[in-house]
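Sequences listed follow chains X and Z, in order. Heads up, the first sequence is in this note's numbering, so the first residue is 17 and it goes up one at a time. Heads up, the second sequence is in this note's numbering, so the first residue is 17 and it goes up one at a time.
What the hints contain is simulated information worked out from the structure, not anything from laboratory work. Take these hints with a grain of salt, some might be off.
Said to hold, decoys possible - Partial pick of chain Z residues on the chain X-facing surface, computed with a CB cut under 8 Å:
{"hint": "1", "residue": "145"}
{"hint": "2", "residue": "179"}
{"hint": "3", "residue": "214"}
We put the beta carbon where it would ideally sit given N, CA and C, even for glycine.
Protein chains: 2
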Amino acid sequence: MAHKFFSDTKFTEAKFTETIFTHKIFTHTFMTLKEFLAARIAAIDAALDRLTPPETAHPATIHKAMRYSLFAGGKRIRPILCLQAAEAVGGASAPGGGMGGDAAGAMEAGCALEMIHTYSLIHDDLPALDNDDYRRGKLTNHKVFGEAMAILAGDALFTLAMQTLVKIEGLGAERKLALLEELSFGSGTVDGMIGGQVTDIEGEKQEPTAELLERIHRAKTGALLKASVRMGAICGGADAAQMAAMTQYGEAVGLAFQIVDDVLDVEQSSAELGKTAGKDAAQGKITFPAVYGLEASHRMAAEECARAHAALEMFGERAQRLHEIADLIVKRKS
Amino acid sequence: MAHKFFSDTKFTEAKFTETIFTHKIFTHTFMTLKEFLAARIAAIDAALDRLTPPETAHPATIHKAMRYSLFAGGKRIRPILCLQAAEAVGGASAPGGGMGGDAAGAMEAGCALEMIHTYSLIHDDLPALDNDDYRRGKLTNHKVFGEAMAILAGDALFTLAMQTLVKIEGLGAERKLALLEELSFGSGTVDGMIGGQVTDIEGEKQEPTAELLERIHRAKTGALLKASVRMGAICGGADAAQMAAMTQYGEAVGLAFQIVDDVLDVEQSSAELGKTAGKDAAQGKITFPAVYGLEASHRMAAEECARAHAALEMFGERAQRLHEIADLIVKRKS
Chain X
17 MAHKFFSDTK
27 FTEAKFTETI
37 FTHKIFTHTF
47 MTLKEFLAAR
57 IAAIDAALDR
67 LTPPETAHPA
77 TIHKAMRYSL
87 FAGGKRIRPI
97 LCLQAAEAVG
107 GASAPGGGMG
117 GDAAGAMEAG
127 CALEMIHTYS
137 LIHDDLPALD
147 NDDYRRGKLT
157 NHKVFGEAMA
167 ILAGDALFTL
177 AMQTLVKIEG
187 LGAERKLALL
197 EELSFGSGTV
207 DGMIGGQVTD
217 IEGEKQEPTA
227 ELLERIHRAK
237 TGALLKASVR
247 MGAICGGADA
257 AQMAAMTQYG
267 EAVGLAFQIV
277 DDVLDVEQSS
287 AELGKTAGKD
297 AAQGKITFPA
307 VYGLEASHRM
317 AAEECARAHA
327 ALEMFGERAQ
337 RLHEIADLIV
347 KRKS
Chain Z
17 MAHKFFSDTK
27 FTEAKFTETI
37 FTHKIFTHTF
47 MTLKEFLAAR
57 IAAIDAALDR
67 LTPPETAHPA
77 TIHKAMRYSL
87 FAGGKRIRPI
97 LCLQAAEAVG
107 GASAPGGGMG
117 GDAAGAMEAG
127 CALEMIHTYS
137 LIHDDLPALD
147 NDDYRRGKLT
157 NHKVFGEAMA
167 ILAGDALFTL
177 AMQTLVKIEG
187 LGAERKLALL
197 EELSFGSGTV
207 DGMIGGQVTD
217 IEGEKQEPTA
227 ELLERIHRAK
237 TGALLKASVR
247 MGAICGGADA
257 AQMAAMTQYG
267 EAVGLAFQIV
277 DDVLDVEQSS
287 AELGKTAGKD
297 AAQGKITFPA
307 VYGLEASHRM
317 AAEECARAHA
327 ALEMFGERAQ
337 RLHEIADLIV
347 KRKS
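Between the sequences and the hints, there should be enough to build the whole structure, so can you do that?
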């Protein structure tokens, strides 16, 4: 999978801070954004802990395996996007903060997204797929619990995500179903996450074309990121116009995220990146630099970032954090 | 997994017929039941085909892999139980038959159950788990499409099951959510299918006790079979008393199914069984004969069958097929 910056890389919180500071021009904004993100991550981690069976629940092994990857240092970008989208459409009690005032179901929806993301990482890391031994500096699930338990832990997190949405309190049945629709189709085979993984795997054997590149990333990375903001918008009670705008933001941010990810893999050293650089080219992956070249890729990322900002216009100050997150995604150095 | 008779074994339709004929005492009933089941299976297969993306849908490989296992000769016991439960509680237009007169959503719910069951079989067959090369006389999914695609095909069928329930037409949001709750918890880690698989895997290293045996099968086999009749009852608009009765029927049939499965593994030859006999003992599996002995196991199966019949009393002739299915499960010879 390709959500490197927020959840898939091996860099530490310290590295994260350092990264923020490199963006001189945004330093002021980023300082407050960093504090905000840290508080959000803490609240999301607490909710994930509340929503996941304890390690003592029988059978203990599977719950240990689920929790191992669920709490392996993810940056929680999907839950954060979900929560901020709910706030932007007016679903939160306090603009700018949203702490403790989130729209009904937004936290549970965000956690369900993180569970789906985590299950996909566990399965992606398996020997039969990417065969990764480490993720974020920790042994991958199958290296700790074995392949059988890792496969089942992924399945179990998928199941838990569905259970979490079904059991949301204080949200109407229609909205819960809308959330289940977004999550199940966003992670599916047709223009969804699984479809993107398959296209990516098969793409390594094909000619890199713009059409194939777009198809892979719209599905593999884009679908779940778009679902993140749309699910937040649903919890916040978005009208059609707000949903359309949030969808455009989600698509733009998702694409920008992927372009920057591909560019960093080429431009950065492994040390700067906190992971093996140049891995895409070595694996024959279809990337934006490979198809468009570096200069055009940089331009495209900036264009998507601008498109993301434009999509947020109607939301005013309630979308402040979404603006900052879009900038952070494009300006990041690892 | 352990639903050998209806979906996991390698015997053919001919073998099925032969099996039916061995139950002299039920011959008449079973003849008509056999025709009924054949018609049900045909209708369920047609619905599964309608609800699953075509092999031409992009990316084609994953849809080919999904369909390969979905149409590998399953006997569709879960969809059939779901449809008959809906009919028993009064949800079908025509008692005894139900063809074309099924309660709204019952067919989709049944297909979602079959998708979940199929995903669990694909993952169970993987080298890291049971490492089976054949299922029902056909190569297992990973032997045809490779491990990576088999893992993703299982994930994809899980996703499709959720999508199928979300998109049911003509059923209220509350009932759809009730179906999603049954399916997601029935296939989960706490007293659900995945939990049962884990307990079973770990059980091979433990002392066979009655408590452990019950815990394994209530979850691994029982949870989804119970969910099958409960989901049908939901679609049929069951009241509390009907739901309680249907739950008792599901639990009894699920347990009887497992007991008979264990007994056949000991008593039958591989030829009669259509699969390797004595595999449980060889693998050190915890079984009913191992814990209670053969004689007591036979008695327990008959008791569960009687409990299943008793649970159906309130439904009268509308439950005819459920009565027959309970008998078939206990009297089967393979």
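Problem - Status of the residue 145 of chain Z interface restraint (C-beta, 8 Å, chain X) - result: holds (5 Å)
Exercise for the section: Identify whether the interface hint at residue 179 of chain Z stands, where standing means a beta carbon of chain X within less than 8 Å of its own. Expected result: holds (5 Å)
Practice task
Please verify that hint: residue 214 of chain Z, Cβ, nearest Cβ of chain X, below 8 Å or not.
Solution key: Holds, because the Cβ-Cβ distance from residue 214 of chain Z to chain X comes to roughly 4 Å (cut-off 8 Å).
Taken one by one, the earlier hints all hold for this structure without exception.
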